[in-house]
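Student: Sequence:
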Amino acid sequence: MAILGIDLGTTNSLAATWKDGKVLLVTDEHGQTLFPSVVSFLGEGGLVAGQEAKERMITHRADTVCSFKRFMGTDKKYCLGDTPYTPMELSAMVLERIRRNAEYFLAEEIEEAVITVPAYFNDKQRSDTKKAAKIAGLKVERLINEPSAAALAYRTEYGGEDATLLVFDFGGGTLDLSFVECFDNIIEIVAVTGDNYLGGDDIDRLIAEYFCRENGLTVPDAPENGVRTNNIRTQESGNGIRTDGMQNMQGAESNAEIFLTVAEYAALISGAEAAKRRLEQETETEIEAEVSGKRYHAKLNNDILFEICMPLFKKIRKLFLHILKDAGAHVSDLTDLVMVGGSSRLGVVKRFLTELLGKEPVVLGETDKVVAMGAGVYAGIRARREDIRDMLLTDVCPFTLGVEVWRGRGDMQSVLLPMIERNSTLPMSKHERLVTFSDYQSAIRIGIYQGEEYYAKDNLFLGELIIPVCPKPARQEGVDVYFTYDINGILYVEVVNSQNVREHILLCGQELSREELDRYQQEMQQLMIPPIMRRENQEILAELSEYYENSVGVRRGEIGWFINWFVEGLQSRRLHAVTRTVETAKKQLAAWKEREEHAEEELFDGELKRQLLEWNDELNEDWEE
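All residue numbers for the sequence shown refer to my numbering, where the first residue is 195 and numbers rise by one.
Wrong hints could be hidden among the right ones.
Said to hold, decoys possible - As a list, the in silico BS3-like pairs of lysine-lysine whose alpha-carbon atoms are at most 30 Å apart:
1) Lys512 / Lys651
2) Lys325 / Lys519
3) Lys651 / Lys666
4) Lys216 / Lys270
5) Lys318 / Lys493
6) Lys216 / Lys271
7) Lys318 / Lys553
8) Lys509 / Lys519
9) Lys651 / Lys271
10) Lys519 / Lys270
11) Lys544 / Lys216
12) Lys512 / Lys553
13) Lys544 / Lys666
14) Lys624 / Lys553
15) Lys488 / Lys512
16) Lys328 / Lys213
17) Lys318 / Lys519
18) Lys544 / Lys624
19) Lys271 / Lys213
20) Lys270 / Lys508
21) Lys213 / Lys270
Stated by the list, open to error - Cβ-Cβ distance ranges computed for the label pairs, FRET-style:
22) Arg728 / Ala637: 31 to 41 Å
23) Pro612 / Glu791: 18 to 28 Å
24) Tyr352 / Ser632: 25 to 35 Å
25) Tyr298 / Phe631: 39 to 49 Å
26) Phe631 / Arg789: 25 to 35 Å
27) Glu351 / Ser486: 28 to 38 Å
To be clear, the hints were calculated from the coordinates, so they are not data collected in a lab. Glycine included, C-beta positions come from ideal geometry on N, C-alpha and C.
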């Protein structure tokens, strides 16, 4: 049974799988790989997703929704007919159609999928993505970040030497940046950042703003069905919003503005997107739109588009500075800048990044398909395919995870105590001792949050645990709090009081059976064991200690230094540092053993060596008897 890799995109979605040693993109009945992430209401005919829905965006705009991925994890509702739908429910319709397409294409049933998400999706957004997959009939144990999938595609395409990459994933609705280190068969994500509300759709809206400014037009304040227009209006228009095809008379009387209807604005956005795409091949183009029966025009070229996009470029520059700081790196450390996502192929985007970084970016084939191809590679890894299974992808925690605490009696609000910092390599486990705040407290509440804000309430609330404690004066009683976060985005929190009473919570964004809960709990408890305490590494440490005991002088000092180096290496936050520490220690031990065996041979002449071997054989015979 095939495992499907799905790029659930803002504008388009794609699916892929690993077959016969390569990635295979899934096509629909028309031979198309791109599946529009659009849903439309057909009246009595129900709902339709994909290309048919996209074709209705202009003719039946009020009954069609798109770009709902931007609002995943929120309570936003889209009305289709008389029924409200959440972004999660709409995404489920897209995923269900993709699953059916894949089953027809591959001629086999699909039950499991790997789905990509923006690196900067929070826990709620990731949870809703898993719920959407479940509604669509798909089991999802692993979500992978979109730029991480792109790094997999890069490594599969180029392989070979060690590399340091910055993956620039610029899609229709989101922008993700990932700092990646590749060595041997390991792809390690070092740091991530991004903006879930910054993408190619915003370029379309900036072009629409330019068009309106050139022609003295005003767009609606609050278009229906999720067409976001904030930050693109060029003039104040009061509350005048024309939705019935007639100019708002009150607005006209006050400032003579010409308002677009929702349908006219949707058509303008479509025209802006088409003009943007034409500039990939042409030096200049024209935008045309009809408003109140009159046609308007505006010229557009790459120089104008570059200036139009400057507010967006400033945001991108800020994100670049952020990720380089988190990674502790400099632009000069980069081997390649890898561009993926449909919007990254725009000439103005490439021009800006080249000027910003001083190097030409690497474009992997068709940029809007790279993430799906990486998801297909990971599907092969998940399926344990012989030709890909040994590749290892690590990831990081995109947001800080912590608990709510009170710093002092003068505090007006509780603050967030970080437990697992953002960009910590996963899996990660941390421990903190927390004490009571008030005299004779009978219980401690552990509020669990995700985010970077100082005050706890300003972050995303994930859950809570309440555990009893012995009533004592403040700060004389406490609990031990353990946070464990795994590669699948599952958070396990355990709290233990002084009487060894334990409470725990498993946050994974999906409903689990009792058997699954028990399995995950056991796995998480294993992850709580730090590398230094794991059996394999304890055995290495024991061997090193034996060499130390049997040495003297300078030799003993050298081995002591190596033991310290080994212990410090196991405490690194970076997986590749831990991996290389263990590998180096094994190689060093093997070298010492080989040298000792050679030295032993030189201590004895041939006759004595023969006698010793005979004695050894006799001892073995006695043992066998």
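Student: With reference to the structure, classify each hint as holding or not holding.
Tutor: Status of the hints after comparison with the structure:
no. : hint                        : in the structure
1   : Lys512 / Lys651             : holds, 26 Å
2   : Lys325 / Lys519             : violated, 34 Å
3   : Lys651 / Lys666             : holds, 28 Å
4   : Lys216 / Lys270             : violated, 39 Å
5   : Lys318 / Lys493             : violated, 43 Å
6   : Lys216 / Lys271             : violated, 40 Å
7   : Lys318 / Lys553             : violated, 37 Å
8   : Lys509 / Lys519             : holds, 16 Å
9   : Lys651 / Lys271             : holds, 24 Å
10  : Lys519 / Lys270             : violated, 34 Å
11  : Lys544 / Lys216             : holds, 29 Å
12  : Lys512 / Lys553             : holds, 18 Å
13  : Lys544 / Lys666             : violated, 63 Å
14  : Lys624 / Lys553             : violated, 39 Å
15  : Lys488 / Lys512             : violated, 41 Å
16  : Lys328 / Lys213             : holds, 24 Å
17  : Lys318 / Lys519             : holds, 26 Å
18  : Lys544 / Lys624             : violated, 41 Å
19  : Lys271 / Lys213             : violated, 39 Å
20  : Lys270 / Lys508             : holds, 29 Å
21  : Lys213 / Lys270             : violated, 39 Å
22  : Arg728 / Ala637: 31 to 41 Å : holds, 35 Å
23  : Pro612 / Glu791: 18 to 28 Å : violated, 50 Å
24  : Tyr352 / Ser632: 25 to 35 Å : violated, 59 Å
25  : Tyr298 / Phe631: 39 to 49 Å : violated, 60 Å
26  : Phe631 / Arg789: 25 to 35 Å : violated, 59 Å
27  : Glu351 / Ser486: 28 to 38 Å : violated, 51 Å
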